[in-house]
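Q: Residue numbers (this note's numbering), protein chains in the order written: chain F, 688 to 938; chain V, 106 to 277; chain S, 405 to 817.
Hints listed in this document are in silico derivations from the structure and should not be mistaken for laboratory results. Note that the coordinates shown come from a computational prediction; the quantities given were computed from them, not determined experimentally. Any given hint might turn out to be false.
Straight-line distance between alpha carbons at most 20 Å, and here's what the computed SDA-like set of lysine to any residue pairs gives [what the hints assert, rightly or not]:
{"no.": "1", "chain 1": "F", "residue 1": "Lys-702", "chain 2": "S", "residue 2": "Trp-736"}
{"no.": "2", "chain 1": "F", "residue 1": "Lys-702", "chain 2": "S", "residue 2": "Met-732"}
{"no.": "3", "chain 1": "F", "residue 1": "Lys-702", "chain 2": "S", "residue 2": "Ala-465"}
{"no.": "4", "chain 1": "S", "residue 1": "Lys-615", "chain 2": "V", "residue 2": "Ser-231"}
{"no.": "5", "chain 1": "F", "residue 1": "Lys-769", "chain 2": "F", "residue 2": "Gln-754"}
{"no.": "6", "chain 1": "F", "residue 1": "Lys-702", "chain 2": "S", "residue 2": "Arg-470"}
{"no.": "7", "chain 1": "F", "residue 1": "Lys-712", "chain 2": "S", "residue 2": "Ala-465"}
{"no.": "8", "chain 1": "F", "residue 1": "Lys-702", "chain 2": "S", "residue 2": "Lys-578"}
{"no.": "9", "chain 1": "F", "residue 1": "Lys-712", "chain 2": "S", "residue 2": "Lys-578"}
{"no.": "10", "chain 1": "S", "residue 1": "Lys-615", "chain 2": "S", "residue 2": "Met-725"}
{"no.": "11", "chain 1": "S", "residue 1": "Lys-578", "chain 2": "V", "residue 2": "Phe-174"}
Simulated DEER-style distance windows between Cβ atoms [what the hints assert, rightly or not]:
{"no.": "12", "chain 1": "S", "residue 1": "His-776", "chain 2": "V", "residue 2": "Leu-259", "range": "51 to 57 Å"}
{"no.": "13", "chain 1": "F", "residue 1": "Ile-818", "chain 2": "S", "residue 2": "Pro-547", "range": "45 to 51 Å"}
{"no.": "14", "chain 1": "S", "residue 1": "Leu-523", "chain 2": "F", "residue 2": "Gly-692", "range": "39 to 45 Å"}
Some chain S residues near chain F, calculated using beta-carbon distances under 7 Å [stated by the list, open to error]:
{"no.": "15", "residue": "Asn-469"}
{"no.": "16", "residue": "Arg-470"}
{"no.": "17", "residue": "Leu-471"}
{"no.": "18", "residue": "Arg-738"}
{"no.": "19", "residue": "Gly-739"}
{"no.": "20", "residue": "Thr-740"}
{"no.": "21", "residue": "Leu-744"}
{"no.": "22", "residue": "Gly-801"}
{"no.": "23", "residue": "Ser-805"}
For glycine and all other residues, C-beta sits at the position ideal for the given N, C-alpha and C.
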Amino acid sequence: MLGSGIINGLIVTAKNFVGSYHDPKRMVTVEYPEQRTVLPENYRNFPFLISENATDPMGTLRCVACQICEKECPPQCIIIEKSKDKKPDASGKPQLYPAVFGIDTSVCMSCQICVEVCPFDAIKMDQVFEIAATDRFHDLFLTREKLAKPNSYYHQIHPTEAAEVDGRLNTERKAAEEKAKAAAAAKAAAAAAKSVPVAGVADPGPASPRPATPIQPASAPAAPATSPVPKPQDEPRSSPAGEGGPANPAS
Amino acid sequence: MTLALIFIAVLMLGSAALAMLLRNLIYSALLLIVSWAGVAAFYLWAGAEFVAFAQVLVYVGAISMVVLFAVLLTRQNHSAELPVEPATKARAATAILSAACLGAILAAAILSTSFHHTAAEAPATSVRQIGLELMHRQGAALLIVGVILTVALLGATILAATDPKRKPEDAP
Amino acid sequence: MTTAPDSFLERAPLELRDWAVQLLPGPLQWLAHHLITVVAILAVFGLFFAFTTIAERKLLARLQNRLGPNRTGLPKFSILPWHLKHTLFGLSQPFADAVKALTKEDIVPAAADHFLHFLAPVIVVAFSLMTFAVLPFGREYLPVDLDAALLYFFAAGAATELAIFMAGWSSRNKYSLLAAMRALAQLISYELPLILSVVPVVLVTGTLSTKAIVLSQGYWIFGFLPHWFVFTPWGFAGFIIFLIAALAESNRSPFDLPEAESELVAGHLTEYSGFKYALFFMAEYFGLTALSGLGVTLFLGGWQAPFPFLEFIPSYLWFMMKLIGMIMFFIWVRGTLLRLRIDQLTRLAWQFLVPLALLNVGNAAFWVLTTHWAGPLQLVRWGVSLVIVILPFFFLGRSLSAGYAPRTYRYAP
Numbered sequence: 688m689l690g691s692g693i694i695n696g697l698i699v700t701a702k703n704f705v706g707s708y709h710d711p712k713r714m715v716t717v718e719y720p721e722q723r724t725v726l727p728e729n730y731r732n733f734p735f736l737i738s739e740n741a742t743d744p745m746g747t748l749r750c751v752a753c754q755i756c757e758k759e760c761p762p763q764c765i766i767i768e769k770s771k772d773k774k775p776d777a778s779g780k781p782q783l784y785p786a787v788f789g790i791d792t793s794v795c796m797s798c799q800i801c802v803e804v805c806p807f808d809a810i811k812m813d814q815v816f817e818i819a820a821t822d823r824f825h826d827l828f829l830t831r832e833k834l835a836k837p838n839s840y841y842h843q844i845h846p847t848e849a850a851e852v853d854g855r856l857n858t859e860r861k862a863a864e865e866k867a868k869a870a871a872a873a874k875a876a877a878a879a880a881k882s883v884p885v886a887g888v889a890d891p892g893p894a895s896p897r898p899a900t901p902i903q904p905a906s907a908p909a910a911p912a913t914s915p916v917p918k919p920q921d922e923p924r925s926s927p928a929g930e931g932g933p934a935n936p937a938s
Numbered sequence: 106m107t108l109a110l111i112f113i114a115v116l117m118l119g120s121a122a123l124a125m126l127l128r129n130l131i132y133s134a135l136l137l138i139v140s141w142a143g144v145a146a147f148y149l150w151a152g153a154e155f156v157a158f159a160q161v162l163v164y165v166g167a168i169s170m171v172v173l174f175a176v177l178l179t180r181q182n183h184s185a186e187l188p189v190e191p192a193t194k195a196r197a198a199t200a201i202l203s204a205a206c207l208g209a210i211l212a213a214a215i216l217s218t219s220f221h222h223t224a225a226e227a228p229a230t231s232v233r234q235i236g237l238e239l240m241h242r243q244g245a246a247l248l249i250v251g252v253i254l255t256v257a258l259l260g261a262t263i264l265a266a267t268d269p270k271r272k273p274e275d276a277p
Numbered sequence: 405m406t407t408a409p410d411s412f413l414e415r416a417p418l419e420l421r422d423w424a425v426q427l428l429p430g431p432l433q434w435l436a437h438h439l440i441t442v443v444a445i446l447a448v449f450g451l452f453f454a455f456t457t458i459a460e461r462k463l464l465a466r467l468q469n470r471l472g473p474n475r476t477g478l479p480k481f482s483i484l485p486w487h488l489k490h491t492l493f494g495l496s497q498p499f500a501d502a503v504k505a506l507t508k509e510d511i512v513p514a515a516a517d518h519f520l521h522f523l524a525p526v527i528v529v530a531f532s533l534m535t536f537a538v539l540p541f542g543r544e545y546l547p548v549d550l551d552a553a554l555l556y557f558f559a560a561g562a563a564t565e566l567a568i569f570m571a572g573w574s575s576r577n578k579y580s581l582l583a584a585m586r587a588l589a590q591l592i593s594y595e596l597p598l599i600l601s602v603v604p605v606v607l608v609t610g611t612l613s614t615k616a617i618v619l620s621q622g623y624w625i626f627g628f629l630p631h632w633f634v635f636t637p638w639g640f641a642g643f644i645i646f647l648i649a650a651l652a653e654s655n656r657s658p659f660d661l662p663e664a665e666s667e668l669v670a671g672h673l674t675e676y677s678g679f680k681y682a683l684f685f686m687a688e689y690f691g692l693t694a695l696s697g698l699g700v701t702l703f704l705g706g707w708q709a710p711f712p713f714l715e716f717i718p719s720y721l722w723f724m725m726k727l728i729g730m731i732m733f734f735i736w737v738r739g740t741l742l743r744l745r746i747d748q749l750t751r752l753a754w755q756f757l758v759p760l761a762l763l764n765v766g767n768a769a770f771w772v773l774t775t776h777w778a779g780p781l782q783l784v785r786w787g788v789s790l791v792i793v794i795l796p797f798f799f800l801g802r803s804l805s806a807g808y809a810p811r812t813y814r815y816a817p
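Generate the whole structure from the sequences, applying the supplied hints.
A: Below is the structure:
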């Protein structure tokens, strides 16, 4: 009958009207500043710098100012100046550190290429989205003081990924320590034996990259020493492991 | 009261004159509507509120729409900017002749009417009285007008209803 | 007719007015009497307009499972030591809107016809306000008791579409002009069913006066059922036609073609900003309110209470309650239905509403002719009248939707 469609439609909207008062499933609106939804773990935008220690963030930055991210950044929003001196890093080795590290978030497009190319797991993606500011030149340019956030924060926002990164770093450090120990032992033994040592194992410097662990994905850059890494054009980016995270097929 | 009449007359005649003088057809149409509204105001002044409202409803409400539609649909080649054609002697003669004819007819009509110079009481006619008058004494005329209008209406409906080709999205 | 309950509440506004009038010297009393009436209508319906906008926004939101505006609270007065934290459910939104509209820049396009561009909003508000003069808001609350009140109402309402045309044409904007053309087409199409749907009421009551029409709906069937015209077959059909035509006349969804956002930007409002825009907005709601008030007066018993035992509530409150009900229904329809295309709009008017309205006039004539039927003949009277309403609707609907069997959506689930 003519008009029955109109009546059906009116019934639908009437149900909406009544339902919106008692059925929370119908009402999807989140009143944002007061109510917030939990961000999904995989949500990420603007990068931040990881520091090992919350009490001394500037002293314990993982970043060694290798400037790979600066060169790789497509919109050129990262500015790094190397330090003149060296500071000991988490494992005690003397390293360069960024005297200036700035990210212009008005330019950044959150592509996380900087994260993918970082060989030291020093830069990771953050979950901030409320960076609105009144001065777009000053307030949106994040200096290293604003960028540095402790590792515990990283664990808080991306727990799975952070655990994986920490595990890898720990095995690396342990391997390096053991290597150093072994080298020292070998040195000592050699010194004791006065024999000629095998060349090339004595220096466990920063040039020793991470060991090729099985969880290391194939796409991760393996040669940080060659600084202007040509971008692999045919690199498959569909895998979430591109940034060095867990190669989880479920995600 | 006389002041109001003068005001209404000036409004009516002034807007009508302007409607003829202006080159912009839309202005002319709108001024024509003002003139019709002036007629309605005159009816109201004369105490015939029923006729006044009917005048507004029919002329200002409906016929004005038809006029505006016609103007909007026919106005083609920038008639506002067309130069006025030079007035020829033949045109002037025709204009004067037709104006004289109209004036003569109007004058004859006015002169042949006998005006009562007594101060007439405004007859307090109610809508009911008008209706009874229409239904009884003018019944035949009303019937004819009613039949014509209803036939026109039905004709319009039938014209609208007979639609040769229909597509599914034309459903009302 | 029931005996008029002359309660205090019923009389209170009148007493207040009379008290205020008698304070003034004699010659001014006449003027003050009318001025107070006008100011009261402006104030009441101005506020009513304000709260209709917020009600519309909140209701539309709820119809779509949203929250609607609920943020605007009280302004932070510097004289107050504390700030009222409560947002009052956003009820002060219309006042914030008014301040915004008043303080916005008024932009007139350089190519626009400045005089008509200015005149259009003035005319549209003036004429839509004029229609309130003949609505009986309560037992004693009729601003002007005209003999030809209904005719006056439609005459005043007819000029608003003219203003829309002026707005559209003077803006020198293609969208505005298209909107103006659509407004004209819509008026021509829907003025007819609107008036034809009112004619049965005039036929049955034998008067054009709104006061008398309300009074004729005033007695009770069996002592308790309201004798409103909507509860008769011809009245119900007339009411439905009136509703559809009123929606179209007030340019509301689903007939809001003159300001179809998706097609015409904002139609005739495209080149208006600031307070002129607000005036158009106001006029639209005034028109809607006036048409709803007319519907209440003609079909829903005006200010009459629905049951005898509810007559202790003042008549003007009954009128307002029914008015609010009508407007809620219009908002409900707006939240439900899609906009029609211009050819569908005119087709609906000419192929469906006009024939039904014409038949309904005949139905009302039958009703008048059989007033003296009683007993079982009363049942026959109702039956015949119902048949006159239902059969044409059924067959016309079938013939109109013939060949339009349920549409198949190839790309939608």
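Q: Sort out whether Ser-231 (chain V) lies within 20 Å of Lys-615 (chain S), counting only the CA atoms.
A: The given pair, whose Cα atoms are some 15 Å apart, holds under the 20 Å limit.
Q: Does Ser-805 (chain S) pass the interface check with chain F, least Cβ-Cβ distance below 7 Å?
A: At 6 Å from the nearest chain F Cβ, Ser-805 (chain S) passes the 7 Å test, so the hint holds.
Q: Just to be careful: measuring from the Cβ of Leu-471 (chain S) to every Cβ in chain F, is the smallest value less than 7 Å?
A: With Cβ-Cβ at 5 Å, under 7 Å, it holds.
Q: Take the C-alpha atoms of Lys-712 (chain F) and Ala-465 (chain S), compute the straight-line distance between them, and say whether it is at most 20 Å.
A: 15 Å, holds
Q: Between His-776 (chain S) and Leu-259 (chain V), is the Cβ distance one that fits in 51 to 57 Å?
A: 31 Å, violated
Q: Measuring from the C-beta of Thr-740 (chain S) to each C-beta in chain F, is the shortest one below 7 Å?
A: 4 Å, holds
Q: Are the Cα atoms of Lys-769 (chain F) and Gln-754 (chain F) separated by 20 Å or less?
A: Holds, at roughly 8 Å.
Q: Between Ile-818 (chain F) and Pro-547 (chain S), is the Cβ distance one that fits in 45 to 51 Å?
A: Hint violated: Cβ distance 59 Å, outside 45 to 51 Å.
Q: Classify the hint on Leu-744 (chain S) as holds or violated, based on whether any CB of chain F lies nearer than 7 Å to its CB.
A: 12 Å, violated
Q: For the pair supplied as a hint, Lys-578 (chain S) and Phe-174 (chain V), is the alpha-carbon distance within the 20 Å limit?
A: 16 Å, holds
Q: Within a Cα-Cα threshold of 20 Å, do Lys-702 (chain F) and Lys-578 (chain S) meet the stated pairing?
A: It is violated: about 40 Å lies between the C-alpha atoms, which goes past 20 Å.
Q: Is the Cα-Cα distance between Lys-702 (chain F) and Ala-465 (chain S) 20 Å or less?
A: 13 Å, holds
Comparing the model with each numbered hint stated earlier shows that hints 8, 9, 12, 13, 18, 21 do not hold.
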